[in-house]
Amino acid sequence: MSVEAIDLTLDLPQADAPKAQNGGPLAANLLRAGSLLVFALVFLFFSATAPFFLTVGNIGNVIGQSAVLGVLSIGLTLVLVSGGPNVVTGGIDLSLAANAGLSAVVYALIIQAGYSDAVAILGALATGTAIGAVNAIAVVVIGIVPLLSTIAVMNVVAGVDLVLTQNTVIPASSDVLTLLSSGSLFTIPALGIVFILFAIAAALVLQFTPLGLRLYATGEFPEAAKAAGLPVRRLTAFSYVAAGFCGGLAGILSVAYLSGTSTGSGEMLLPVVVTALLGTIFSRRLVPTIPGTVLSTLFVGFLVNGFQLLNLSSTLVSGVQGLLILLVVSATTLLRKEEI
Amino acid sequence: MSDPSPAKPDLHLDFSGVSKSFGGALALDGASLAVRRGTVHGIVGQNGAGKSTLIKILAGLHKPDAGTLLVDGVSQPHLTPALAEELGIHFIHQDRLLVRSFTVGEALFLGREPRLPGTPFLDRRRMQREADAVINRYFGLSIPNGRLISELSTAERQIVQITRALIGKPAVLVFDEPTAALVRREADLLFGLIRRLRDEGITILYISHYLNEIEALCDDVTVLRNGRTVAALPVANTSARDLARLMIDADLKELFPVRTIARGETVLEVDALSLKGRYEDVSLTLVKGEVLGITGLLGSGAKEFVRTLFGLEAASSGEIRVRGQRVKSLKPPDAIGRQLALVPEDRRGQGVALDLSVAENTTLSSLGRFSRFSFLARRAEKAAVQALIQRLQVKTSGPDALLGTLSGGNQQKVAIAKWLSAQSEIYLLDEPTVGVDVGSKAEIYALINELAEKGAAVIVLSSDLPELIGLSDRILVFFRGQVIRELSAASVTPDQLLAEATGSHIREELAHVG
Numbered sequence: 315m316s317v318e319a320i321d322l323t324l325d326l327p328q329a330d331a332p333k334a335q336n337g338g339p340l341a342a343n344l345l346r347a348g349s350l351l352v353f354a355l356v357f358l359f360f361s362a363t364a365p366f367f368l369t370v371g372n373i374g375n376v377i378g379q380s381a382v383l384g385v386l387s388i389g390l391t392l393v394l395v396s397g398g399p400n401v402v403t404g405g406i407d408l409s410l411a412a413n414a415g416l417s418a419v420v421y422a423l424i425i426q427a428g429y430s431d432a433v434a435i436l437g438a439l440a441t442g443t444a445i446g447a448v449n450a451i452a453v454v455v456i457g458i459v460p461l462l463s464t465i466a467v468m469n470v471v472a473g474v475d476l477v478l479t480q481n482t483v484i485p486a487s488s489d490v491l492t493l494l495s496s497g498s499l500f501t502i503p504a505l506g507i508v509f510i511l512f513a514i515a516a517a518l519v520l521q522f523t524p525l526g527l528r529l530y531a532t533g534e535f536p537e538a539a540k541a542a543g544l545p546v547r548r549l550t551a552f553s554y555v556a557a558g559f560c561g562g563l564a565g566i567l568s569v570a571y572l573s574g575t576s577t578g579s580g581e582m583l584l585p586v587v588v589t590a591l592l593g594t595i596f597s598r599r600l601v602p603t604i605p606g607t608v609l610s611t612l613f614v615g616f617l618v619n620g621f622q623l624l625n626l627s628s629t630l631v632s633g634v635q636g637l638l639i640l641l642v643v644s645a646t647t648l649l650r651k652e653e654i
Numbered sequence: 005m006s007d008p009s010p011a012k013p014d015l016h017l018d019f020s021g022v023s024k025s026f027g028g029a030l031a032l033d034g035a036s037l038a039v040r041r042g043t044v045h046g047i048v049g050q051n052g053a054g055k056s057t058l059i060k061i062l063a064g065l066h067k068p069d070a071g072t073l074l075v076d077g078v079s080q081p082h083l084t085p086a087l088a089e090e091l092g093i094h095f096i097h098q099d100r101l102l103v104r105s106f107t108v109g110e111a112l113f114l115g116r117e118p119r120l121p122g123t124p125f126l127d128r129r130r131m132q133r134e135a136d137a138v139i140n141r142y143f144g145l146s147i148p149n150g151r152l153i154s155e156l157s158t159a160e161r162q163i164v165q166i167t168r169a170l171i172g173k174p175a176v177l178v179f180d181e182p183t184a185a186l187v188r189r190e191a192d193l194l195f196g197l198i199r200r201l202r203d204e205g206i207t208i209l210y211i212s213h214y215l216n217e218i219e220a221l222c223d224d225v226t227v228l229r230n231g232r233t234v235a236a237l238p239v240a241n242t243s244a245r246d247l248a249r250l251m252i253d254a255d256l257k258e259l260f261p262v263r264t265i266a267r268g269e270t271v272l273e274v275d276a277l278s279l280k281g282r283y284e285d286v287s288l289t290l291v292k293g294e295v296l297g298i299t300g301l302l303g304s305g306a307k308e309f310v311r312t313l314f315g316l317e318a319a320s321s322g323e324i325r326v327r328g329q330r331v332k333s334l335k336p337p338d339a340i341g342r343q344l345a346l347v348p349e350d351r352r353g354q355g356v357a358l359d360l361s362v363a364e365n366t367t368l369s370s371l372g373r374f375s376r377f378s379f380l381a382r383r384a385e386k387a388a389v390q391a392l393i394q395r396l397q398v399k400t401s402g403p404d405a406l407l408g409t410l411s412g413g414n415q416q417k418v419a420i421a422k423w424l425s426a427q428s429e430i431y432l433l434d435e436p437t438v439g440v441d442v443g444s445k446a447e448i449y450a451l452i453n454e455l456a457e458k459g460a461a462v463i464v465l466s467s468d469l470p471e472l473i474g475l476s477d478r479i480l481v482f483f484r485g486q487v488i489r490e491l492s493a494a495s496v497t498p499d500q501l502l503a504e505a506t507g508s509h510i511r512e513e514l515a516h517v518g
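Protein chains in written order, with the numbering used here: chain A, 315 to 654; chain B, 5 to 518.
In short, the hints are calculated from the structure, not lab data.
Please read all numbers here as calculations on a predicted model, not as lab measurements.
A virtual CB, placed ideally from N, CA and C, is assigned to each residue, including glycine.
Hints should not be assumed to be uniformly reliable.
Straight-line C-alpha distance at most 30 Å; calculated DSS-like pairs for lysine-lysine [what the hints assert, rightly or not]:
| id | chain 1 | residue 1 | chain 2 | residue 2 |
| --- | --- | --- | --- | --- |
| 1 | B | K386 | B | K332 |
| 2 | A | K540 | B | K60 |
| 3 | B | K332 | B | K292 |
| 4 | B | K458 | B | K399 |
| 5 | B | K60 | B | K173 |
| 6 | B | K67 | A | K540 |
| 7 | B | K292 | B | K458 |
| 8 | B | K445 | B | K292 |
| 9 | A | K540 | B | K173 |
Derived coverage of chain B by chain A (criterion: at least 3 residues anywhere in the stretch with Cβ under 8 Å from a Cβ of chain A; other residues may be distant) [stated by the list, open to error]:
| id | segment |
| --- | --- |
| 10 | 102-109 |
| 11 | 120-126 |
Partial selection, computed: residues in chain A whose CB lies under 8 Å from chain B [stated by the list, open to error]:
| id | residue |
| --- | --- |
| 12 | F366 |
| 13 | F367 |
| 14 | A531 |
| 15 | E534 |
| 16 | A538 |
| 17 | K540 |
| 18 | A541 |
Could you put the whole structure together from the sequences, leaning on the hints where they help?
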């Protein structure tokens with residue numbers, strides 16, 4: 315039959331005209347520019363008012379002090395990437411702070427029991443990874459909403475922590491801990507160096523390998539990922555296990571930082587969530603990235619540091635962090651709504 | 005091409021006896037599909053005929069309950085998405101499966117990313133180079149590689165989807181309603197491309213509602229109806245009219261009772277209503293006792309129009325008057341207040357609450373009637389529900405039975421009962437018999453008739469054309485955002501109606517002109 319004359323479609327005015335696509339990116343740019351501006355203003359304010367804020371030593375200090383927060387936020391970033399942007403049903407791991415607390419306890423107990431650093435490091439990392447695996451099973455295999463399952467795991471982990479420590483601080487000292495807490499390179503404390511190296515490794519994986527790209531696809535559009543033949547469930551599970559590993563590493567760093575365990579590891583939860591969510595603002599596509607998370611780690615670090623230097627109450631910091639979560643989540647939610 | 009029984013080795017895909025049911029509803033009932041290598045093969049059928057189920061089985065997304073699937077003469081009983089891709093079967097999905105925050109290069113290579121030699125890292129430069137080469141070769145244009153999917157137009161996204169499939173070096177390429185969102189120039193471009201791909205030896209499966217596209221583009225066509233293959237023939241031996249006739253089930257006539265029409269006063273007037281990008285300049289009047297049918301393909305704007313009448317979409321211009329009163333910025337509560345009722349197509353998602361009882365569902369929109377001092381008067385509620393259950397012949401163990409335990413047809417009766425209880429006067433029924441068995445269908449038809457006879461005004465939106473003709477007094481046909489015909493139900497046949505809705509008229513009109 316003839317294959318000329320295809321008279322099928324009438325041009326319906328404006329029906330299929332490409333939607334004005336500038337709104338989303340423009341608003342995203344404004345949001346990013348605005349947050350960078352706030353970052354700069356906060357920085358300027360503290361350098362003008364707080365003594366020593368802008369000294370080389372202080373900046374190095376902030377990087378070192380931010381190490382635990384940074385490593386945990388990187389873990390949460392992985393989960394956010396593979397879980398997608400929906401704040402309620404998407405990926406989240408609320409057990410990370412408690413995970414770091416328990417991993418620290420395991421490390422300290424092993425050192426106290428007289429074993430070597432190597433055994434303690436393995437023990438702490440295994441503890442963190444195992445908690446991550448429990449999360450992965452709850453979320454991927456059983457299918458509980460991450461918000462619920464990880465908060466349940468958080469409580470279990472915190473409970474085990476209490477049983478092991480009787481709510482006391484377990485002091486610990488070893489060669490590795492001493493090196494981590496007092497060593498430094500180019501005025502950056504060893505803890506900061508570990509954080510920077512770990513961030514570079516994580517960024518290489520997430521931003522530059524096929525695995526990273528696939529994690530993003532899994533979170534953003536699982537149907538598209540499935541259609542591309544990706545093992546979506548396995549990728550999601552991987553992100554929780556990897557986050558658990560980050561919890562273990564953060565535990566080791568916190569033992570070094572505090573020369574022992576802490577009874578208040580759970581207090582880290584809010585800053586971790588703030589940091590990982592805030593990080594999305596620093597990416598062009600408004601998605602969580604490792605460089606974005608590192609930037610927001612430093613931002614939160616400088617904020618806490620500035621408040622300390624100005625002798626302001628630390629409860630004020632929590633208030634500001636809560637406010638930041640609300641701002642970031644509402645801004646990105648609104649932007650995404652506009653896009654769709 | 006006209007060989008009636010092609011030699012088996014010539015068949016690229018050969019499906020036979022394929023059945024698949026979802027929760028008791030039979031989607032495919034022994035369907036077959038035989039596609040010759042290197043041809044463009046059309047698949048047509050009305051909504052619910054089983055097209056998408058068949059395609060999902062080919063994609064490995066559904067597992068058939070029965071039947072054999074031969075690909076290249078080899079039986080594939082355990083088709084998975086990965087295996088389908090290995091066999092060279094690629095899909096251009098209707099709902100563009102692309103990650104919005106990805107760049108063009110990332111979207112194209114997701115799942116088969118090239119790596120920098122000797123490293124685990126992505127070779128972004130190579131991704132860009134290859135993407136450019138393929139897009140340029142097949143489309144003669146370039147999409148800047150750094151752009152995000154969310155920044156592309158619909159047509160550009162489709163190009164990315166097709167390119168993604170082409171990079172996989174496909175043997176079979178499946179297009180699912182590819183022109184639904186394209187303007188004509190873009191569709192022409194697509195057809196040229198499809199012919200070129202066929203000439204390069206790729207087997208093409210082409211699913212479309214637009215019969216004139218099938219006529220113009222395909223070599224062979226398979227017609228599905230109610231999950232069965234009712235015809236498989238060379239396009240050269242058929243016409244859009246014949247195909248329309250094959251697609252329609254003609255044995256339903258006796259289901260429709262005759263209605264004595266008692267026309268009353270005008271209750272609903274719509275004046276030049278438009279919703280940007282969906283439909284434009286739609287006007288109608290509806291009187292008491294009338295059943296107005298509306299039909300149109302997906303994307304024709306018919307569904308959005310009906311949703312606008314209930315306040316679920318906001319019209320961009322035009323006017324709606326209910327009983328002569330102009331309604332500004334209609335919202336569902338206003339609509340209910342003005343005695344409008346909507347029974348949505350997505351019954352389980354929007355029409356009823358499966359976890360509530362029959363009684364609770366029935367009185368959900370009329371709780372005010374059964375409340376005393378803000379407390380529910382359970383006894384009055386129960387009595388009213390009991391009466392409605394009997395009147396509508398809802399098959400249930402009682403008012404307290406959970407709605408989820410009822411059959412689809414009986415759930416739908418409850419969805420309508422909800423509005424009867426609210427004493428609605430203008431009914432908007434969106435695909436009222438979708439997923440409903442034949443027996444319940446007849447009962448629902450009778451119910452709609454009874455409503456009209458008692459003075460309600462009814463708008464029925466349906467893609468089941470015999471149903472629409474049997475129920476309606478007159479029928480509006482939507483096509484690409486406009487009402488292109490108003491027909492008297494008494495004098496139209498289903499295949500005429502289908503020809504109108506699928507755009508065959510355009511071909512004829514143009515033929516008359518030139």
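Checklist entry - Which earlier hints turn out false for this structure, listed by number in ascending order? => result 1, 12, 13
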